[in-house]
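**Q** Could you slot chain B onto chain A? The hints should help.
Taken in sequence, the protein lines are chains A and B. Just so we're aligned, residue 16 is where the first sequence starts under this note's numbering, counting upward by one. Just so we're aligned, residue 7 is where the second sequence starts under this note's numbering, counting upward by one.
If you are wondering where the hints come from, they were derived from the structure by calculation, not from laboratory data. Please note that a few of the clues may not be correct.
Stated by the list, open to error - Keeping only pairs whose Cα atoms sit at most 30 Å apart, straight-line, the calculated BS3-like set for lysine-lysine is: (1) B:108 / A:44; (2) B:99 / A:44; (3) A:182 / B:110; (4) A:105 / A:44.
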Amino acid sequence: MEHITVTQIMFGVLSFVAILSAVLVIFSKNPVFSVLYLIVTFFAIAGHYILLNAQFLAVVHVIVYAGAIMVLFLFVIMMLNLNKETETHKAAWIQIAAVIAGGIMMVTLVGALKGADHMTLVQPNDVNIGLVNRLGTVLFTDFLIPFELSSVLFLAAMVGAVMLGKKSIH
Amino acid sequence: MSAIQIIPIGWYVTLSAVLFGLGVLGVLFRRNAIIMLMCVELMLNAVNLLLVAFSAQHSDPNAQVFVFFIMAVAAAEVAVGLAILMMIYRNSKTTDIDFLNKLKH
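Chain A with its partners taken away, still in its complex shape:
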């Protein structure tokens, strides 16, 4: 009998929470609950990052997703006043077809990627790769141009969002 370690238990619990709340995002009737369950999923994924020694990404993930993106979603749902009563649903046969198609896709992906099981560790494990020091060095040497370009992307997204959001003058 194999000894079960704490890491394995944490992996199991985090995976269970992530998948369960992802299912609840799709099937909950109220859009506000969908947003809250998605936040739970994001926290579970942040826990996975910490298990994988990606501490900086875990913190950034919580700040960006749970802190910024989901607040944006909640604000939009609040401003549009969406709730259970305003929610529309697809016809039953389309829902059944969607579940079958999504399920087949999931089974195909899992089956196709099963060969990855035989991959082994290629290098002695380095636990420091997720720290801000190592990531910052890589970001400002090898990835300097993409990093600068992403600021242009943000400027364009900001201008676009303001332009789309503003009332037309006529």
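**A** This is chain B only, laid out in the frame that chain A set:
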């Protein structure tokens, strides 16, 4: 000590595939455009998780920089997507994507 030394990479691949499949299912299943955007976020996160797992497996920080850029693009995408949704809602008073079928007719 990293989780990748204890947990086989295949489990992470399976978890990411399931999360990605759930995202696809959500896009197909729901009619509310906001929920569909949230399911796109779920798919992006499944890919991020797999990139981080492979990064830990190969002890290579480059993959984590890719995750960083994916997060940046996701944030920009959500800002513009929600602005477009607000505009659609102002014009048509609904976020139901089946209402937006003008190109079909």
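**Q** Now, for every hint given, state plainly whether the structure supports it.
**A** To see whether the hints hold, each was checked on the structure:
| no. | hint | verdict |
| --- | --- | --- |
| 1 | B:108 / A:44 | holds (27 Å) |
| 2 | B:99 / A:44 | holds (20 Å) |
| 3 | A:182 / B:110 | holds (27 Å) |
| 4 | A:105 / A:44 | holds (13 Å) |
The structure agrees with every numbered hint stated previously.
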